[in-house]
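Engineer: Chains D and B are the protein sequences, given in the same order.
Mapping of the first sequence onto this note's numbering: residues 1 to 312, in sequence order.
Mapping of the second sequence onto this note's numbering: residues 313 to 831, in sequence order.
Possibly wrong hints are sitting among the right ones.
[Stated by the list, open to error] Covered stretches of chain B (chain D as the covering partner; in silico rule of three or more C-beta atoms under 8 angstroms from a C-beta of chain D): (1) 463 to 475; (2) 484 to 492; (3) 585 to 592; (4) 757 to 763; (5) 791 to 804.
Calculated from the structure, these hints are not laboratory results.
Cβ coordinates follow ideal geometry from the N, Cα and C atoms, glycine included.
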Amino acid sequence: MEIKTTGNIPGNNLRIAGGLKELTLWAILLWLILLILLPSPIRAHSAPEERIEHLSARITTEPANAELYLERAALYRSHRHWRAAQTDYERCRRLDPQLTRVDLGLGRLWLETGRLTQSVTALERYLETTADDATAWALLGRAHRESNEPEKASIAFDRAIDFSIRAGKNPPPEWYLARARSLLGSGPDYREKALHGLEQGLAVLGEPVTLHLEALQLERDLGRIEAALSRLDHLQRSANIDVTWLVLRAEILEGAGRPDDARIALERARFALATVPAGRRQTSAYRELEREIHDRLQRLEPAASRVGSTGD
Amino acid sequence: MRATSIFILILSVVPGSLWAQGETLVEAGTAIQYLANGSNPGIMGAEWTAEGFPLTGWLSGTYGIGYEQSTTGGAINLIQTAVPIGTASVYTRAVFHLDDSSAVSSLFLGSDWDDGYVAWINGVEVYRSPQMPRDGEPQWDTRATLHESSNGTSPDYGQLQNISDAAVPALHDGDNVLAVGVWNAPLPSSDLVLVPRLVMNLALPPPRGPYLQNGTDTQIVVRWRTDSLTDSRVDYGIDPGNLNMLVDDPAPTTNHEVILSGLDPDTVYYYSVGSSTELFAGGDSDHFFRTAPVPGTHRSVRIWALGDSGTANANARAVRDAYLTFATGTHTDLWLMLGDNAYPTGTDDEYQAAVFETFPDMLRRSVLWPTFGNHDGIAASSASELGPYYAIFTLPTTMAEMPIPSGTEAYYSFDFGNIHFVSLNSFDVDRSAPPEGAMLQWLKQDLMDTAQDWVIAFWHHPPYSKGSHDSDTEIELVEMRENALPVLEDLGVDLILTGHSHSYERSFLLDGHYGDSST
């Protein structure tokens, strides 16, 4: 190919003569186009995506390896590629019908996609062979709860908690809450049992406030006002700021028909509020709380004034 | 294609762990001779454990051995050799062969058992489970205290006990005898189970640390790991040449965790770690920590926040070095890891490389506060608090540690000076709004309770991002924006730090925007 030069090329550098330089121009243009179209090298290619690619490559060389499909299915599921996950789980089952973890994976998949009946079936099948899997029991509990089967849910969460403890691990507070709420879903007769379950969780987990609050509400529902107040005292003793606990105390007392005591609690709350740092007091949550204190006091004030009046 | 095939082949042969797995000598399925003792067998003490003991009347079987009254549940899957219900104890003997006993450098014993057991090698007692009386040779009707087996479908041998000191000298070339007796709790008992596992030459994980955890104004946790079992000792003091205080823990372990309490706030302490007989690290001016100031104290605070730092490569080291250069002469009060602390799957090996070998200096001088990323969540689970993330870090959970306890290390809070820090879990914890979601219900109570001037929240998945992840579409990001932000904003969060998207993104001050980017 003959290369011609044009000597100096003033101005427009795209005036290029000669076949080789033309090729270079197209190469440059192609590179620019690719640079724009291809994903940025700065964009992170996540390890799960890489792992999926790696598994896919291995599957082409080991198409009968059920474990590969199982692992890839779990990754697809975690990325919410439901159809791909389902396909892999089904393929895995065909390859190895004895691989029970397929049922666990499918159970999760159906649960996350709202196919609750199928989820329950898969999880129950898994638990027939792996009865001590605490997480699987918790998933089954969730599936039952979302299927509006509170009694079955509470049994499943019970098993989850039990197997977790047997294995020397602390169940998460969420399981204790879920068990209690499932029991309550079975009816008011289960409040005592729900409360007992929460107490177990409090003892095991170092008294998470979420379980205390749930238990406190149950005590109120059971009419055990002093027990509820005692629990509140306990929470307040460890707290830095009393305001929310005092407002809750006022709510409990008011509900129990003790307006004078409620008003005292609210006055104390108002006083405590004045000691909260200004920056915190200006948050919308605290402003809301301040309004609530004011409104409750207003509501209680006339009632307290009427009580003991000598006549109208 | 060939290059890809080679790449795959290499990945296939590299073991998941860099540590040697050891050689199993005895486990479930190993052939045994046994004697089930429902009545006095006429054998004194431990004489049955000797190598040449006559086995007249003994039966043949395989591990696991025992009985289970239930026909469908309990330990039924662990038992290959059944003994009569109500058996008080079972004596078992398994033979293992060693061509060259001098090649055995370590021996470890584990078991899945119910209720108590004792093990001998060639007549030398090498292990006694905590349920057995501490003294004397157990007799056929000795009673153990209660211990439940895993009741699993396969044995769970638990933590392997290092029995090397007693067992290795007892070995010889040729056939050796592992004798294990299992004893019941006071009868009647519904079960009795023994499935032991004997492993030789198991290499322990590599040492690490020391590193600092869960620091307050008066307390700190010092952790380190050794490659052999030792007791734990921390010497400390305000003068590096005179560490005049110490805390001891006699329990032999490789994962050491010592709490130093009664400390003075905002004070530099020097320290060393080791055992009662040997120094592991420290005792110099390089090993120190500074306690937090009294909560509420107004002073400058230096915080180093790292996101998705777990690459264990030159990039990570470059970032580290750049920070250390920048921070020269100023102590880092605390540092945060915003998740994905060890790539790609958060295993212990990966944490060793990405955290302990990359940041040894920072780890021994400043308390590290982590949060849980999606990559950490491949090898760990917040539901069970199992996995390397939870094994490595010591985080506050109880009422003794925080006024509004979360009850879980998955999410927690702490104070430093006049800053209240909150670590949330955006990955494998329920992200529902309160009161339904426990994490955000706890968050609400926690933030209502803080009197600190500043609130800094950190977690892994960003509520707003158009970097390598999209907060318009990815569920973790969406839910944190829709559910966590309202709570945080209502309660005056000042700064939120997140990772996950591998780009530097920052926003104007935002309040009340919970929709996607088009809104």
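Engineer: Give a verdict on every hint.
Structural biologist: Hints and how they fare:
Evaluation of the coverage hint for the region 463 to 475 of chain B: fulfilled, as 4 residues show C-beta separations to chain D shorter than 8 angstroms, against a requirement of three. A count of 0 residues in the region 484 to 492 of chain B with a Cβ less than 8 angstroms from any Cβ of chain D is obtained; the coverage claim is therefore unmet, three being the minimum. Given as covered by chain D, the region 585 to 592 of chain B fails the check, having 0 residues with a CB less than 8 angstroms from a CB of that chain where 3 are the minimum. Here the region 757 to 763 of chain B counts 7 residues with a CB under 8 angstroms from a CB of chain D, which clears the bar of 3, and the coverage holds.
Counting residues of the region 791 to 804 of chain B whose beta carbon lies closer than 8 angstroms to any beta carbon of chain D gives 4, which reaches the threshold of three, so the coverage claim holds.
Hint compliance for this structure: hints 2 and 3 are broken, all remaining hints hold.
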